[in-house]
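Keeping their order, the protein sequence lines are chains C and R.
Following this note's numbering, the numbering of the first sequence begins with 1 at its first residue and continues without gaps.
Following this note's numbering, the numbering of the second sequence begins with 1 at its first residue and continues without gaps.
Hints are not guaranteed to be accurate.
What the hints assert, rightly or not - Subject to a maximum C-alpha distance of 20 Å in a straight line, what follows is the list of computed DMTMM-like cross-link-like pairs (lysine to aspartate or glutamate):
#1 C:K169 with R:D260
#2 R:K91 with C:E83
#3 R:K135 with C:E83
#4 C:K82 with R:D90
#5 R:K48 with C:E88
#6 R:K91 with C:E25
Derived from the structure by calculation, the hints contain no laboratory data.
Note that the structure is a prediction, hence the values are computed from the model and not measured.
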Amino acid sequence: MIAIIRKDMREWFAGGATGRYGQYEFLIYIALFGIVFPIFFSLLGTEGPKSGASVSFSPFIGAFVPILLAIYTMADAFAGEKERGTLETLLVTPLSSSDIVVGKWLAGISYAAVIMVSTTVLSSIVSRVMGARSVDPRILAATVAIALLLAGLLGAIEIIISMRAPTVKSAVFALNLTFIIIVVGLSQLLLRTAKTIAVFLAPVLALGSTGLVALGAGVILLVLVSIALLLWIATQQLRGMRLE
Amino acid sequence: MDDAIEIDDLVCRFGETTAVDGLSLRVPRGTVFGFLGPNGAGKTTTIKTLVGLSRATSGRMRVLGYDVPGQTRAMRREVTLLLESPGVYDKLDALTNLEVFGEFYGMTPHDATARAKALLEKLGLASMMKRRVGKLSTGERRKLGIARTLLSKPKLVFLDEPTAGLDAEAAAALRDDIAQLVREDGLTVFLTTHHLEEVERLCDSVAVIRAGKLIAQGSPRELAARSSRPEVTVVATNVSDAAIEAVRALPGVASVARNDRGLIVAFSEEPNSAALNRALIGADADVSEIVRDHGGFERAFLDLVRETT
Chain C
1 MIAIIRKDMR EWFAGGATGR YGQYEFLIYI ALFGIVFPIF FSLLGTEGPK
51 SGASVSFSPF IGAFVPILLA IYTMADAFAG EKERGTLETL LVTPLSSSDI
101 VVGKWLAGIS YAAVIMVSTT VLSSIVSRVM GARSVDPRIL AATVAIALLL
151 AGLLGAIEII ISMRAPTVKS AVFALNLTFI IIVVGLSQLL LRTAKTIAVF
201 LAPVLALGST GLVALGAGVI LLVLVSIALL LWIATQQLRG MRLE
Chain R
1 MDDAIEIDDL VCRFGETTAV DGLSLRVPRG TVFGFLGPNG AGKTTTIKTL
51 VGLSRATSGR MRVLGYDVPG QTRAMRREVT LLLESPGVYD KLDALTNLEV
101 FGEFYGMTPH DATARAKALL EKLGLASMMK RRVGKLSTGE RRKLGIARTL
151 LSKPKLVFLD EPTAGLDAEA AAALRDDIAQ LVREDGLTVF LTTHHLEEVE
201 RLCDSVAVIR AGKLIAQGSP RELAARSSRP EVTVVATNVS DAAIEAVRAL
251 PGVASVARND RGLIVAFSEE PNSAALNRAL IGADADVSEI VRDHGGFERA
301 FLDLVRETT
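Given these sequences and hints, build the entire structure.
As C-alpha cells, then:
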C-alpha cells in the first residue's frame, strides 16, 4: 500500500493532479485559496474591519474548496491510468487489490489534506493581517476534519466510478451528475416534507449539547463505515478485473 | 522441469466474436518464444488471458506452474508484461519510474535503485535517468518499458510488439538489447511482433496463429524449410510471351510473373537453373543473371497466413 501511496504522491507533486500547472500545481492552489482570496475579499469589503462580518470566511473556503481537488485526484486513480496506458501494467503487479484501492484513496486524501490544511492556516493568517476577526482554531480544526470526511466519502464514490469510466473527464462528469441528482432529489424531498422534517428535528434539537455531540459522533461513524464499505466494493470490483 | 507456459484448448469468446479458438501450446523455460499472426489473430487476447487480465471462456492454462486464473496473484511475482504502451509514468523521471516499479515488486529501495541504474546504463539511458519520461523519445520510452519489465528479475516476460512504432535503426538497437539481456538473465520471453527479422534474430521457437487458431509451430528454421517455396529471379530483357510459356512448360514450375527486372519464377520442387536458362535463350530472351532466392522465414510466414485465409 505504501508503494502505491508513494507513487501517486510523487506523480502529483511532480506533475500536479490535473496536469495543467505541472509541479507547481499544489503551490498555486495554496497561494490562490490561502493568500489571493482573503486579500481579494478584504479589498472587496466582504470581510475585514469594514464588512461588519462577525468572522472571516476565507479559511472555510480554504478548507472546503480542495474537496474538488480530492475528487479530481480520485477520478484519476484508475481512469487516468487507463488514459495513460499504465493501468494494465499496474494490474499485473503482485500488489493486492486492496493495497491498490486503499493506497490510491489514501494518496488522494493526503494530497488534498496537505492543501486543505495549508490553505486554511494561511488564509486565517492573511485574513487576520488584513484586519478580519480571527476564527477559533477549534472551529477551524473541526471544519478541516469535516471537509476531509466529505472528501473521503466523495473520493471513495469517485474511485468506484473511475474504475468503469474510460477517461478522467467522464469519471468527474459521472460524479457531478450523481451529485446533482442527489442534491435535487434531497431538496425536492425536503420541500415536500418540510413539516415532517420539523417534527423529526424537534427531538434532535432538544437533545442538548451532549446529545448533539453524540449525534455528531454517530454521523461521523456512519460516514466512516460508508467509506469502508465503498472501498470494499471497489476492491471487489478490482479483484474481478484482475481475476483474483 | 515443467514448461513455462502450458495452454490446453483455450477458447476466448466476446459475444459473437471468437478471439481464441481451441489454442494449445507449450513454451519451454529459458527460451524466447515468438507468437505470430496477422492483426486480430488473437495474440494480445492470449497474452491478457495468460496474465489474468481477461477471462477465458474455456480451456486450461498454467504459467510457471501456477494455475490461471486460480493462482494469478502468486504468478504475478515472477511475470512482467510490456504491451504496446510502455506502461511508464510520464510525470516521473526515468529512474523514479523504475524505483516505483521496484517497490511494487517488493524490492528494497536500495536494490531497486541499484538495479534500475544498471539497466538504464545497459540500455544507453544513463544520461537521461533524471529526465521526465514525458520528454523522452518514443524509442527511449520503449527502452524504459523494457527496463521496467526486467527490473524485478522475472522468470517470464511477455513482450507485445516491443519495437512497434520505432524506426529501423532504433528497432535493431532495441532487438540487440533484448537479446543481450535475455542471454544474461536466462529468462523465458513470450514475444509477439510483426517484424519477422526480429523473430529470426531472437526466437528459439515460434507459433503462428490466425483467427485464434494455431496453424504452425516450430523453430523459425523449421518453419522456413517446411513452408517456403523456392523462387528464382531472372534478370533479363526482351522477354516475350513465348519465353514465358517456355518457362511455364518446364517441370516443377509453379508460377511465372513479370517484374521490372525480368521474371520471378516460383517452383514446387528444387529449381533447375540450367534448364531455365536454356528455355529463355531458346525463346530469344537476353538473360544477364539468374538469382536463386532461398525464401526464408518471412516468405514461409506469409505463405502460412495466406494458405489459411
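Now for the hints, and whether the structure bears them out:
Proximity of K169 (chain C) to D260 (chain R) is assessed by CA-CA distance (about 55 Å); at most 20 Å being required, the pair is judged violated. Taking the CA atoms of K91 (chain R) and E83 (chain C), the gap is near 14 Å; set against the 20 Å cutoff, the hint holds. Taking the CA atoms of K135 (chain R) and E83 (chain C), the gap is about 18 Å. The hint holds against a cut of 20 Å. Among the hinted pairs, K82 (chain C) with D90 (chain R) is consistent with the structure: their alpha-carbon atoms are about 13 Å apart, no more than 20 Å.
For a cut-off of 20 Å, the pair hint linking K48 (chain R) to E88 (chain C) stands: about 9 Å separates their Cα positions. Of the pairs offered as hints, the one joining K91 (chain R) and E25 (chain C) holds, with about 13 Å between alpha carbons and a cut-off of 20 Å not exceeded.
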